Amino acid sequence: MNAPANPATLIDRAARATPPGLAGKMRGLSDKAIAWLFISPTIVLLLAINIFPLIWTIQLSFTSYRANRPNAPLRDVGLAHYNDILTNPDIWAAMQVTARFVIATIIIQTVLGFVLAWLIDRKFRGSGFWTTVILLPMMLSPAVVGNFWTFLYQPQIGLFNYMVAFVSGIPPSSFQMLGDVRLSPWAIVLVDSWMWTPYVMLICLAGLRSIPDYIYEAAEVDRASKWRQFWTITLPMAMPFIMLAVLFRGIENFKMFDMVNLLTGGGPGSTTEVASITLKREAFEKWRTGYSSAFAIILFVTVFGLANIYVRALNKVKAR
Amino acid sequence: MSGNSTAYSIVEPSRASKRIAGTIVVLYAVLTLIPLVWIVLTSIKSPQDSISYPPKVIPWVHFEPTIEGFCNLFTTRSRQTPEYLATLPPPSGACEVQARAKNMVIVSESKYIPRFLNSVIIAFGSTALAVFLGTLAAYGFSRFRVPLKDDLLFFILSTRMMPPIAVAIPIYLMYRELGLQDTRLGMILLYTSVNVSLAVWLLKGFIDEIPREYEEAAMIDGYTRLQAFRKVVLPQAATGIAATAIFCMIFAWNEYAFAVLLTSGDAQTAPPFIPIIIGEGGQDWPAVAAGTTLFLIPILVFTVLLRKHLLRGITFGAVRK
Chain R
1 MNAPANPATL IDRAARATPP GLAGKMRGLS DKAIAWLFIS PTIVLLLAIN IFPLIWTIQL
61 SFTSYRANRP NAPLRDVGLA HYNDILTNPD IWAAMQVTAR FVIATIIIQT VLGFVLAWLI
121 DRKFRGSGFW TTVILLPMML SPAVVGNFWT FLYQPQIGLF NYMVAFVSGI PPSSFQMLGD
181 VRLSPWAIVL VDSWMWTPYV MLICLAGLRS IPDYIYEAAE VDRASKWRQF WTITLPMAMP
241 FIMLAVLFRG IENFKMFDMV NLLTGGGPGS TTEVASITLK REAFEKWRTG YSSAFAIILF
301 VTVFGLANIY VRALNKVKAR
Chain F
1 MSGNSTAYSI VEPSRASKRI AGTIVVLYAV LTLIPLVWIV LTSIKSPQDS ISYPPKVIPW
61 VHFEPTIEGF CNLFTTRSRQ TPEYLATLPP PSGACEVQAR AKNMVIVSES KYIPRFLNSV
121 IIAFGSTALA VFLGTLAAYG FSRFRVPLKD DLLFFILSTR MMPPIAVAIP IYLMYRELGL
181 QDTRLGMILL YTSVNVSLAV WLLKGFIDEI PREYEEAAMI DGYTRLQAFR KVVLPQAATG
241 IAATAIFCMI FAWNEYAFAV LLTSGDAQTA PPFIPIIIGE GGQDWPAVAA GTTLFLIPIL
301 VFTVLLRKHL LRGITFGAVR K
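Those sequence lines, one after another, are chains R and F. For the first sequence, this note's numbering gives the first residue as 1, with consecutive numbering after it. For the second sequence, this note's numbering gives the first residue as 1, with consecutive numbering after it.
Incorrect hints may appear among the rest.
As the list claims (entries may be wrong) - Stretches of chain F that chain R covers, calculated by requiring three or more beta carbons in the stretch to come under 8 Å of a beta carbon on chain R:
hint	segment
1	39-52
2	64-74
3	102-115
4	139-145
5	270-276
As the list claims (entries may be wrong) - Straight-line C-alpha distance at most 20 Å; calculated SDA-like pairs for lysine to any residue:
hint	chain 1	residue 1	chain 2	residue 2
6	F	K149	R	D31
7	F	K149	R	S40
8	F	K18	R	Y216
9	F	K56	R	V181
10	R	K123	F	S14
11	R	K316	F	L148
12	R	K32	F	D150
13	R	K32	F	P147
14	R	K226	R	R122
15	R	K286	F	L261
16	F	K56	R	F166
17	F	K231	R	I34
18	F	K18	R	F230
19	R	K286	F	S14
20	R	K32	F	R145
21	F	K18	R	R125
22	R	K316	F	L153
Treat the hints as calculated values from the structure; they're not laboratory data. All values reported here derive from a predicted model rather than from experimental measurement. Ideal Cβ placement from N, Cα and C applies to all residues, glycine included.
One chain only, chain F, in its complex shape:
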C-alpha cells in the first residue's frame, strides 16, 4: 500500500486522518457484525445452548458445536417410544444419530431445499430481466430526446412507491384470474416490475456520466448507433450495471411481503419459510439460524466477487482521462 507508485498528490488525506477514519470504521463494522456472527454461532449450537444465560460465545470452549440445527433444518422428525426405536436398524447418517439420541426418527426431508431453489430461480430470473430492460431504457432516456422524458421517468419511479401490500391486493386478484398465483413466472414478473424502476434510475445516472463523445467518435469511425451502444457504452457502464444488478438481486432474494401473500407452496421462496421453522415447544432457533446462514451465503459470495467493481466503481474511472 505504502509502496504505491502513484505520484504524490496534495489531496491525499494525511496519515493521521486515515488512521482515525480507519479506527472508527472498523469499530462500526465490528459492532454491526455481532448479530450476523450470532446467527452463525447459533446455527451450530444445540437448542439448549442457544438459549442459555449468560450467552455461550466461543465454540469448543463455552459450548460443543453440533450439526443438530442443520439436521433439524433439512428434516422433519417425529418422537417415538423407546420400545419402537429398539426394533429399528442402527441409525445411518449423522442426522439420524442426532434424532435417535432424542428418541426421534427422521420422517422426511423438510421443504427448505425446494424453497431455497425457488429463491434462486426467481432472484436470477427477475434480476436478469430487470437489468436488461433497465439498461436499454436508461440508455434511451440518457441519450435521446424523448417526449415527456421527465414525466416518464417519474412514472417509472412512482411505480415503486406503492406499498407492496397495496399492490398485492389487485395482483392477488389478477393472478387468480390468470392462473399465475403461486407460480415462479408470476413472481419473476412481479419482482422485475419492482426492480426495473430502480434499474432505470440508477443506470441512467451511470450512463449520463459516460461522455457522448466516445460514441460519437465511434460512430464517425463507422459504427452504427447500436454498435456504439454495445461496444462503447456497455463496457463503460459495466461497473454501474454490476452494482445495479446487485441491488436488484438483493431485493428479489430478500423480498417477503409479496412472497408471503402471493405464494403458499410451489413457488414459495425462503424468506416466508424460514421464520415458520418450528421445533418442539416453539421456534427452533438453531434451525432458523442454520437456514438463515445458508440463505446468506450465495449473496455473500456474489458481493465479494463484485467487490472491486462496487468500490472502485459506482463511480466511473472512465469519465476522467
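Chain R on its own, in the form it takes in the complex:
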C-alpha cells in the first residue's frame, strides 16, 4: 500500500537517518586530523616492528655480540665486520648467485605473465575458470612446494625427470636437477617461475582491464592497426602495473630464502647459495650476530638503493 504517509513521521524518519550526536562530533574532525588518525597506526606498527629492530641491527653490527652467549663481554669492533664482508670473496659469490637468480626469474616471469594476461584478457569461453587454475601454484607455500619439488626432481623416481626423459629420450637417471652444478640454479628458477608467474599475470591483468574500452574504440575509429594499438595504448597504459609487479618480484627474489633452503640448501657446493642462505648460516648456525648484522645492513642498503632508483623510474612512467 502506498498511502500518503503522515508528514510528521516523514520528517521524523529523515531526522533519524542522520544521527545528530555522532555526526556533530565527527564533523569536528578536520581532514588533517583524519589523515593522521588513519595513517599513524600503520607508521607506529612499522616503527616498532621494523625500524626499531633495524636500528638495533645497526648498533649490533659494530659489536662482537653473539646471541647464543648474551652474557659474554661485548667488544666494540668498529667497522671491522663491514671490512671483512666487503672483501670476502664468498660473500661476493653469494651476491652474484642472488643477482643472476633475480634477473633470470624477473625476465621469465614478466614476459610469461604479461603474455598470459594479454591472452586471458581476450575473455574466451572459460577464461575465468582457467585463470583460477593458473593462480593455484602461487597459493602454495614456497617452503612446502620447494620441499615437494625435491621429490619431483629425484633422478630415478621423480616425475620431472620421468617426463623430461619421456619427451627427450634420455634416461631419467642421467641428470640430477638438484645435484648438478650447472642445473641446480635452473631447477630453482623453474620452481620459482612456476609459482610466481601467476602473480605477475594477475597484476598485469588488472592493468589491462583498467584500460577503458573507449580508448580502443577511438583508436578503431582512427583506423589504428591492432599492432599499433598494442604498442601505443596497451603496453604504455599497463606499464605502471607491470613495473609494480617487477618491483615486488625483484624484492621478493632478492630476499629469497625458503624455497632455496628446502630445495638445495645452497648446494651443490655453493652454486645456489643466495645471500639469505649465507646470512642464515652466519646468524643462526654460527651465531655470529654482530657479523651477520653488518651483512644484513649491507643487503638492506643494496636493495634499498636499487628499489629507490626503480621507484623513481616507476613514478616517471606513471606521470607520463
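Based on these hints, arrange chain F on the given structure of chain R.
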C-alpha cells in the same frame, strides 16, 4: 556466453583470436597443474607406490588408493614384535588397521593439527589487522595532503625490502626480551607489519581510482568525511580490499623463514612442520603430500569464493559510468 545481450562492440576480440588465446592458456594451465595433481595423487599412495618407476598415475588402475599417507600424517607409530601385537585387542579404526598390517601400533596423535590451527589463527589475525590498517592508511594517503607523502609511502615499502633473515636477527633478540618468542601474538604482529606495506600500496592504487566526486557529492548531501569514507569509498573499494586480503592471507599462510627461525613449538605453523615429516627410512612422501593437500584446501576455497571479485575487479567497474 554467445547469447550475451550486450551490444556489439568493435573492440571485442575476434572469434579466432579468442580460440587461439584459449588454447594456449589451457595448455599452460594443464602443465602448471601437474605438480599439484601429483601432490594429491601421492597423498593417496602407499610409500612403495609413491616411489615406483615408471610413475603410477591413475588410481584403481595403476595403484590401489590408500589412506595410509593421511594416517601417517595424523599419528605417530612404533614398531612392535608380532608376539606383543598378538596380545593386543583387535584394531579399532582404519588407521589402526593400517598400522597393524605393518607390525606397528599407534602411539599418539601427531602435531599436524595443532600446527595447522596455529597457521589458521596467525593468518586470519594478521590479514585482518593488515587490511584494516592498510585501508585506513591508503585512504589517508590517497585523499589528503600529507606532508612528506612520497617519503612516507617509500618508507612503508622499504620495510618490505629487508630480507626476512635480516629482520629475524633483531626480532629474535627483541622477542626474547619481551617474551614474545614462539607466541602466536608475536607472529601475528610480525606478519601484520610485513603485510601492511603491501596492503597500503595496493589499496592506495585502488582508492586513487575511485572518483573523489562520489565522496564530495555525498558530503554535499550531508555526510561527514568519515561517513563518506564508510558508505561510499569502502563499498567502491570492496573488490580491491578483497584482492589485497587474499594477497596478505597467502603471505601469512605460506610464510616459512620467520616461522622456522622464531617458532619451535607452541606457535609453530604448518610450513616449517610439513617438510620434517619423516617416516621409516627417510621422508614419508605420502604423508608429506597429505599434509600439503590439506594445507592447500582452505586457501583454495577462499580464492574460489572470491574469484568473481578477483577477476572482474582488481579493476574497477566503478570508475566507468
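Here is how each hint holds up against the structure:
For the segment 39-52 of chain F, the proposed coverage by chain R is satisfied: 4 residues have a C-beta within less than 8 Å of a C-beta in that chain, meeting the threshold of three. Check result for the segment 64-74 of chain F against chain R: violated, 0 residues qualifying (beta carbon to beta carbon below 8 Å, three or more required). Only residues whose C-beta sits within less than 8 Å of a C-beta in chain R count toward coverage, and the segment 102-115 of chain F has 0 of them, not enough to reach three; the restraint is violated. Coverage of a stretch by a chain is defined here by at least three residues with a beta carbon nearer than 8 Å to that chain's beta carbons; for the segment 139-145 of chain F and chain R the count is 6, and the condition holds.
Here the segment 270-276 of chain F counts 5 residues with a CB under 8 Å from a CB of chain R, which clears the bar of 3, and the coverage holds. For the suggested pair F:K149 and R:D31, the alpha carbons sit about 15 Å apart, so the restraint of at most 20 Å is met. As the CA atoms of F:K149 and R:S40 are separated by approximately 13 Å, the hinted pair is consistent with the 20 Å bound. A distance of roughly 17 Å separates the Cα atoms of F:K18 and R:Y216; the hinted pair therefore holds under the 20 Å criterion.
Proposed proximity of F:K56 and R:V181 is contradicted: the alpha carbons are some 30 Å apart, above 20 Å. Among the hinted pairs, R:K123 with F:S14 is consistent with the structure: their alpha-carbon atoms are about 11 Å apart, no more than 20 Å. Distance restraint check for R:K316 and F:L148: the Cα-Cα separation of roughly 18 Å lies within the 20 Å cut-off, and the hinted pair is therefore satisfied. Between R:K32 and F:D150 the CA atoms are separated by roughly 17 Å; this keeps the pair inside 20 Å, and the hint holds.
A threshold of 20 Å between alpha carbons decides the hint, and for R:K32 with F:P147 the separation of about 10 Å falls inside it, so the pair holds. With a C-alpha separation of about 13 Å, the suggested pairing of R:K226 with R:R122 holds against the 20 Å cut-off. A hinted pair counts as satisfied when its Cα atoms are at most 20 Å apart, and R:K286 with F:L261 qualifies at roughly 14 Å. Distance restraint check for F:K56 and R:F166: the Cα-Cα separation of roughly 14 Å lies within the 20 Å cut-off, and the hinted pair is therefore satisfied.
Of the pairs offered as hints, the one joining F:K231 and R:I34 holds, with about 16 Å between alpha carbons and a cut-off of 20 Å not exceeded. For the suggested pair F:K18 and R:F230, the alpha carbons sit about 16 Å apart, so the restraint of at most 20 Å is met. Taken as a hint, the R:K286 and F:S14 pair is broken in the structure, with Cα atoms around 62 Å apart against an allowance of 20 Å. Between the alpha carbons of R:K32 and F:R145 the distance comes to roughly 8 Å, so the proposed pair stays at or under 20 Å and holds.
Taking the CA atoms of F:K18 and R:R125, the gap is about 8 Å. The hint holds against a cut of 20 Å. For the suggested pair R:K316 and F:L153, the alpha carbons sit about 16 Å apart, so the restraint of at most 20 Å is met.
Checked against the numbered hints given earlier, the structure breaks hints 2, 3, 9 and 19 and satisfies all the rest.
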